[in-house]
Amino acid sequence: MSEQKIDGFELKPGFKGMASDTGSDQTMFKGVHWGKAMMWIFLLSDTFVFSCFLISYMKGRGSTIVDWPNTSEVFSLHVGDVPVPLLLIAIMTFVLITSSGTMALAVKYGYEKNRKMCGWLILATALGGLTFVGMQVFEWSKLIHEGVRPWGNPFGAAQFGSFFFMITGFHGFHVSIGVIFLFIYTYKVFAGHYETKKRGWFTKMKGDYVEIEILGLYWHFVDLVWVFIFAFFYLW
Amino acid sequence: MSDEYNNNKSYQAQSSEVLDGSAGSINPDMDYVRPAEIPEQDLYHAHSFIEKWIFCQDAKVIGVQYFLTAVFTGIVGLILSWLMRLQLGFPELAGFMTAEHYYQFVTMHGMIMVVYFLTALFLGGFGNYLIPLMVGARDMVFPYVNMLSFWMFFVAVAVLMASFFVPGGPTGAGWTLYPPQTILEGTPGSGMGILLMLISLSLFVIGFTMGGLNYMITILQARTRGMTLMRMPLTVWGIFTATVLAMLAFPALLVSAIMMTLDKVLQTSFFMPTILKAGEVLEYGGGSPILFQHLFWFFGHPEVYIVALPAFGIVSDLISVHARKNIFGYRMMVWAIVGIGGLSFFVWAHHMYVSGMNPWFGFFFATTTLIIAVPTAMKVYNWILTLWRGNIRINTVMLWCLGFIVTFVNGGITGIFLGNVSVDVPLSDTYFVIAHFHMVMGIAPLMVIMGAVYHWFPLVAGKMLSETLGKWHFWITFLGAYSIYFPMHYLGFIGVPRRYFEMYDSPYMTSAVGMNEFISIAAFIVGAAQFILVFNIIKTLKTGKKAEQNPWKANSLEWYTSTVPPEHGNFGERLPVVHRWPYDFSVPGAKDDFIPQTTAPSEVANTEVEKT
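One line per chain: the protein sequences are B and P, in this order.
In my numbering, each residue's number is its place in the first sequence (first place is 1) plus 649.
In my numbering, each residue's number is its place in the second sequence (first place is 1) plus 86.
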């Protein structure tokens, strides 16, 4: 399933092209790798998961009996004696978005069969993700230290801590899974598994650099979700 | 088309004889099918017993594993329903049952039957077995993930069953698990029981997602040459659309399960309002129970169609094959399936008319609910028109299909009652609701499952099930199911509330006593009759006569495998090439009354085949 060729099939642009692809036999998304199509559909499903979380958060925040904590105070970081709101979050967001950039470059070098560059860039992405998770751990421990708990906090509505830990935790879990896979793929690329067509440990399937792109899709999605969490949690 | 694949000469023989020298005038391009776009699938063949039968990557074995596990949970659900009926009909015999037990059985019966039985059976069981065969693929596209999917489901079932044995027993909150009572002390199983239920549901969703990705990508990206979307059997359309619904609806269940788990374990208040208990304010406060209802029913209503759409698809194929007629309005059927699927995301709050919504909200949801009746009625008319002037074979499979149509119409019409706010409010939470949803999404899909088992058993096991036992099984089930659920409509009208452990002290319900006894006896008989099928299967496996290939003379690809039952890889050396839809039955001018999907147009050039 690795090298797909479309012989004698021309992709037509626009709505007509879409209709003719849909009406054709064999595949609906012409030349799209199975795994890539799977990742897109998984991400659609995952979008619904995060949407449910965020809509629940909006509903919960809108109907609490106690006032919501002032987020620019709660999420501020003291530099010397000056509280700087959103400082940590800005750094976290910057790191995560940067890791999206290195991921995109890794995909590019992967398709160019530039094994070394691809490997280093995936490693950089993994380290970026790891840094993000590390800073999240710092943020969590700071808030816990200040008395924020899932069941209550000294700043206002109890739901603040509930939603915060649940949603950032669920996102952090996604990032952590991504980091684990990034490290695995760093190894696979450096070890040259795609060149030697070595079969996977579990699936017994041959791999290809398209897997880097599939991993990249997941990683960009996780970053995109963070942008929404950032907007809804820290800026609202 | 390769010579190697076409070893089935029976339907090819006609080509030279019937055409009678006119072959020269045939356009040589009429048999053209675009060359393969995708290379052969890289299959991992099992090397050991464990790889072949336990941690198996073959979708057909996974399908059977799903089927057997789901049937096991179904039998547990059946036994629970017997216990409930024993209590309702003959409370003096059910002295061992307390009210707590009763609520626990209601809850577990509901959850098991809807999620772990019907959903797993249709999508995991029939989906895994039939999708690759019907679209002409060698296997699911991600066999390893598919294997994980089944084992995740297996663990989910194990966790669910474990909740019967924890202190406090399984949860007794009703299958809808409404907070706040679900996790408050006083509700049966509010300790470990509810926790295991929520964990089990989460595992089910994760496992299903793995399977669902497989079903969708196999259908979208791994069809064989010539197999367009509009040439797929309706079974595949039904399962596909149901899978799409599940991929978008299960997230809501997962999220609500996670949030409720946190409410339970960490004392968060997502769904928990301020609660006074014995004069004391509990730790909870500020949450919204209605939020849970919205999340739950955003999953819960599509879930109804996750069960119903595969049944619609399968029954269309069964009716067409056994009435020897093409399905009436194939494209209409496809669009009806897709339309019902799309609409099912906009009707969820019709389960919440009595939750205290804005009346305009109820008006909106009543409207969307009634709109669903349009595509659904189209399907029913099409089934009937497929039967009309068909060459109907009254065998067991057809009986189940006919049983399905009447039962589904029956349950559908009571749905129109309940879809209207003003009619629903007095009927809400009565036995009328029980009768409605058991008819429409319990008995009706079950009839399709039974028909499908009798239809595809010769393919799976290579032996024919006994028709005599099958007819006994059908008639007892059919008449018995009506004996159970018809009187329940009446019980609902006189106001007998559902989920009540005992109600004989109320004077206005005296007329319900005899009826409850009657329903209970019918329920015992119908439940016992299901073991006729179990007996039939065991007897057939031991002594049944060997099935010929394609015993029903069907057209779809699953009957044209290289061996029966199909082996790993399904189609032998070459994949089949498809030239037509699977519904070319009784075509004027054709030699047989069926033309398999793999028959090239030049082989049946002088027939009046519809262009598909």
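Please note: incorrect hints may appear among the correct ones.
To be verified - Cut-off 30 Å, straight-line C-alpha distance, at most; resulting in silico cross-link-like pairs (BS3-like, lysine-lysine):
| # | chain 1 | residue 1 | chain 2 | residue 2 |
| --- | --- | --- | --- | --- |
| 1 | P | K697 | B | K708 |
| 2 | P | K697 | B | K665 |
| 3 | B | K847 | B | K685 |
Quick caveat, the hints were computed from the structure, so don't treat them as lab data.
Here the structure is a predicted model, which is why all the values come from computation and not from measurement.
Worksheet item: Of the hints given before, which are not true for this structure?
Response: 1
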